[in-house]
Every structure is written in structure tokens, then in C-alpha cells.
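Could you put together the complete structure from these sequences and hints?
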Amino acid sequence: MKYIFLLFFSFSTMGLAQKPCGYKDGLQEGNCKEFYDNGQVKNMVEWKKGKKEGDAIFYHDNGKVNAKGEFKKDFKVKEWIYYDKNGALTAKELYRNGDKNVYDNSFTATFYSPKGVAEEVSNYKFAKLHGETKLFHEDGKSVKQTGTYDNGLATGKWKAFYPSGKVQRETEFVNDKWNGNRIHYREDGSIEKTEVYKDGKLISTK
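Quick note on our numbering: the sequence shown kicks off at 7 and runs consecutively.
Note that these hints are calculated values from the structure, not bench results. Incorrect hints may have been included.
[Stated by the list, open to error] For lysine to any residue, the following SDA-like pairs were computed, each having C-alpha atoms within a straight-line distance of at most 25 angstroms:
| no. | residue 1 | residue 2 |
| --- | --- | --- |
| 1 | Lys172 | Asn157 |
| 2 | Lys131 | Ala166 |
| 3 | Lys57 | Cys38 |
| 4 | Lys30 | Lys54 |
| 5 | Lys70 | Glu40 |
| 6 | Lys57 | Tyr42 |
| 7 | Lys199 | Gly153 |
| 8 | Lys98 | Gly137 |
| 9 | Lys163 | Thr152 |
| 10 | Lys74 | Lys131 |
| 11 | Lys48 | Val83 |
| 12 | Lys48 | Gly69 |
Next up, the structure:
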């Protein structure tokens with residue numbers, strides 16, 4: 007699963023506070039900007055009562071938008087969109103719990119290929135994979151793999167699929183390790199082989 011830096015931008019309150027910005031009652035207030043060494047704007051973030059509150063835009067050093075979204079009380083909310091240096095869409099994050107996001111920081115992330123088709127949709131909580139995840143074949147529509155994470159660890163039954171939609175493989179996970187049967191299927195639905203694992207180690211094959 008993808009776990010890349012764009013999901014976890016390091017928004018440094020101290021770093022932004024050192025840039026030209028308004029203050030009210032001793033707290034950071036208004037639109038604050040940070041710059042690259044070449045003078046290009048690095049980011050623009052709205053502040054209110056000392057917290058990030060409102061629209062935010064982050065830029066690559068070539069001036070292209072890197073990410074844009076909205077903050078509420080220092081937390082990312084609603085939809086965040088990410089782009090590469092050429093302006094191509096790379097990912098979206100959807101923070102689905104409104105004010106509750108302050109407590110669990112949960113969101114759904116969709117990752118895109120250079121061709122602009124969805125490669126993966128995964129759920130996160132406390133910056134860790136948590137809940138359902140899906141990978142897609144190159145067409146961005148047919149499912150390649152499905153599974154579930156619990157606090158960053160793969161758990162339960164995972165399935166891999168042929169482009170036709172037929173099940174290719176079923177794997178049981180416990181605490182991010184193969185445990186139990188791992189069944190491989192031919193595309194006609196017949197079983198090719200069954201492997202038995204315990205704590206990630208192969209016990210037998212039939």
C-alpha cells in the first residue's frame with residue numbers, strides 16, 4: 007500500500023510563524039506565506055487565533071501547485087488534492103468525519119497513476135492504514151486486490167483478482183503476517199494450490 011510523504015505534510019507552526027504575518031492579541035492571524043530560497047512562494051496558509059484555519063495552498067519550487075485544501079483548528083478537513091511538478095493529479099484525501107477528525111484524523115486517500123487513473127483507494131486513521139483498501143488494474147476500474155488494515159497491520163481475508171474479475175488468490179492475515187490458508191486459483195475458478203502458513207512461515211502445500 008502507498009504510504010507516501012504527501013499524506014503527511016509536515017506543517018511546522020514555528021516555521022510559518024517566523025514568516026511575515028499578522029498578529030492579533032499575540033496570536034498568529036491572517037494569511038501567512040513561506041518562500042523558497044529562489045523567492046518562489048512555498049505555501050500560503052490562513053491562520054486564526056494562533057491556529058491554521060481556512061484555505062491552504064502548497065507549491066513546488068517551480069511554481070506549480072503541490073497541494074491544496076483546508077484546515078480547521080490545525081487539522082486538515084474536507085478534501086485535499088495533490089499534484090506533481092508537472093501539474094498532474096497524484097492523490098486526493100477526503101476527511102470524512104468533520105469535527106471528529108480532530109480526534110481520529112481519519113480520511114480516505116485515492117492515488118492516481120501518471121495517466122490519471124485510480125491505482126489505489128485506502129483508509130487511514132491516526133496516520134496509519136486502517137479499514138478497507140483497494141488496488142486497481144491499469145484501467146482504474148477493475149479491482150486488483152482488496153483487504154483490510156487494523157491500525158497499520160493487514161488483517162483478515164485478502165483477495166487478489168485477475169483483470170477479468172475472477173479471484174486469483176485468497177490470503178488470511180493476522181497481525182500483518184500470513185496465517186492460515188493461502189489459496190491460489192486458476193482463472194477458470196479451479197484451485198491451483200493451497201498453502202498453509204503460521205506466523206508468516208510456510209507449513210505445508212497441497
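Results for each hint:
Simply put, Lys172 and Asn157 have alpha-carbon atoms about 29 angstroms apart, too far for the 25 angstroms limit, and the pair is violated. With a CA separation close to 24 angstroms, the supplied pair Lys131 and Ala166 stays within the 25 angstroms bound. Between Lys57 and Cys38 the CA atoms are separated by roughly 11 angstroms; this keeps the pair inside 25 angstroms, and the hint holds. Between Lys30 and Lys54 the CA atoms are separated by roughly 9 angstroms; this keeps the pair inside 25 angstroms, and the hint holds.
Between Lys70 and Glu40 the CA atoms are separated by roughly 15 angstroms; this keeps the pair inside 25 angstroms, and the hint holds. Of the pairs offered as hints, the one joining Lys57 and Tyr42 holds, with about 23 angstroms between alpha carbons and a cut-off of 25 angstroms not exceeded. For a cut-off of 25 angstroms, the pair hint linking Lys199 to Gly153 stands: about 21 angstroms separates their Cα positions. For the hint linking Lys98 to Gly137, the alpha-carbon distance of about 17 angstroms falls within 25 angstroms, and the restraint holds.
Between the alpha carbons of Lys163 and Thr152 the distance comes to roughly 9 angstroms, so the proposed pair stays at or under 25 angstroms and holds. For a cut-off of 25 angstroms, the pair hint linking Lys74 to Lys131 stands: about 20 angstroms separates their Cα positions. Straight-line distance between C-alpha atoms of Lys48 and Val83 comes to about 21 angstroms, which keeps the hinted pair within the 25 angstroms bound. For the hint linking Lys48 to Gly69, the alpha-carbon distance of about 8 angstroms falls within 25 angstroms, and the restraint holds.
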